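*Asks:* Residue numbers (this note's numbering): 1 to 113.
To be clear, the hints were calculated from the coordinates, so they are not data collected in a lab.
Check each hint, because a few of them may be wrong.
Below, simulated DSS-like cross-link-like pairs (lysine-lysine); rule was C-alpha separation at most 25 Å, straight line [unchecked claim]:
| no. | residue 1 | residue 2 |
| --- | --- | --- |
| 1 | Lys-109 | Lys-53 |
| 2 | Lys-53 | Lys-68 |
| 3 | Lys-91 | Lys-27 |
| 4 | Lys-32 | Lys-92 |
| 5 | Lys-54 | Lys-92 |
| 6 | Lys-68 | Lys-3 |
| 7 | Lys-27 | Lys-68 |
| 8 | Lys-32 | Lys-3 |
| 9 | Lys-68 | Lys-95 |
| 10 | Lys-99 | Lys-53 |
| 11 | Lys-32 | Lys-68 |
| 12 | Lys-53 | Lys-91 |
| 13 | Lys-68 | Lys-54 |
These numbers were taken from a predicted model, which means no experiment stands behind them.
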Amino acid sequence: MDKWEVVYYVSSSGDNPVSDFLDDLDKQTQSKLLRIVANIAEYGLLSVVPHIKKLSDTPLWEIRVLGKSNARIIYVVPTQTKVILLHGFIKKSNKTPSKEINIAMIRFKGLTK
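Kindly produce the complete structure, drawing on both the sequences and the hints.
*Replies:* Put into structure tokens, the structure is as follows:
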């Protein structure tokens with residue numbers, strides 16, 4: 001089984017918003033998300049199916065951690081064994097806010113230029 005490459009989005013100014021998001025989380029939520037990301041790198045997306053969801057009408061997916069904070073990381077899969085983590089946020093409603101999807105889409109489109 002091939003290992004997957006997990007890449008954190010880095011802006012043109014060198015900011016790493018997903019890493020910053022993770023740093024700001026409580027330790028328990030941070031640990032859960034980092035464990036999911038590590039499992040993706042080691043075993044692929046099929047190993048974390050209960051924690052991922054396709055975002056309708058976009059090329060984007062989200063990693064979901066349920067609990068007191070409902071943390072999410074939006075990502076894209078540009079190749080068969082690569083994941084790019086684009087945006088992290090705390091979900092406060094039933095539907096993923098379009099603002100959060102738009103941020104991830106802008107970052108994704110910036111990568112494909």
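*Asks:* It remains to establish, for every hint, whether it holds in the given structure.
*Replies:* Against the structure, the hints:
Proximity of Lys-109 to Lys-53 is assessed by CA-CA distance (about 20 Å); at most 25 Å being required, the pair is judged to hold. A C-alpha spacing of about 19 Å is found between Lys-53 and Lys-68, which places the hinted pair at or below 25 Å, so the restraint holds. Of the supplied pair hints, the one linking Lys-91 and Lys-27 holds, its CA atoms being roughly 17 Å apart against a limit of 25 Å. As the CA atoms of Lys-32 and Lys-92 are separated by approximately 18 Å, the hinted pair is consistent with the 25 Å bound.
The straight-line distance between the Cα atoms of Lys-54 and Lys-92 is roughly 18 Å, inside the 25 Å bound, and the hint therefore holds. Pair hint Lys-68 plus Lys-3 does not hold up; C-alpha atoms about 31 Å apart against a cutoff of 25 Å. For the proposed pair Lys-27 and Lys-68, the alpha carbon gap of about 12 Å is at most 25 Å, so the pair holds. A C-alpha spacing of about 20 Å is found between Lys-32 and Lys-3, which places the hinted pair at or below 25 Å, so the restraint holds.
Distance check on the hinted pair: Lys-68 and Lys-95 sit about 17 Å apart at the alpha-carbon level, within 25 Å; holds. With a CA separation close to 18 Å, the supplied pair Lys-99 and Lys-53 stays within the 25 Å bound. Simply put, Lys-32 and Lys-68 have alpha-carbon atoms about 12 Å apart, close enough for the 25 Å limit, and the pair holds. In summary, the hint linking Lys-53 to Lys-91 is supported, as the alpha carbons are separated by about 14 Å, within the 25 Å threshold.
For the hint linking Lys-68 to Lys-54, the alpha-carbon distance of about 22 Å falls within 25 Å, and the restraint holds.
When the structure is compared with the earlier hints, a violation turns up for hint 6 alone.
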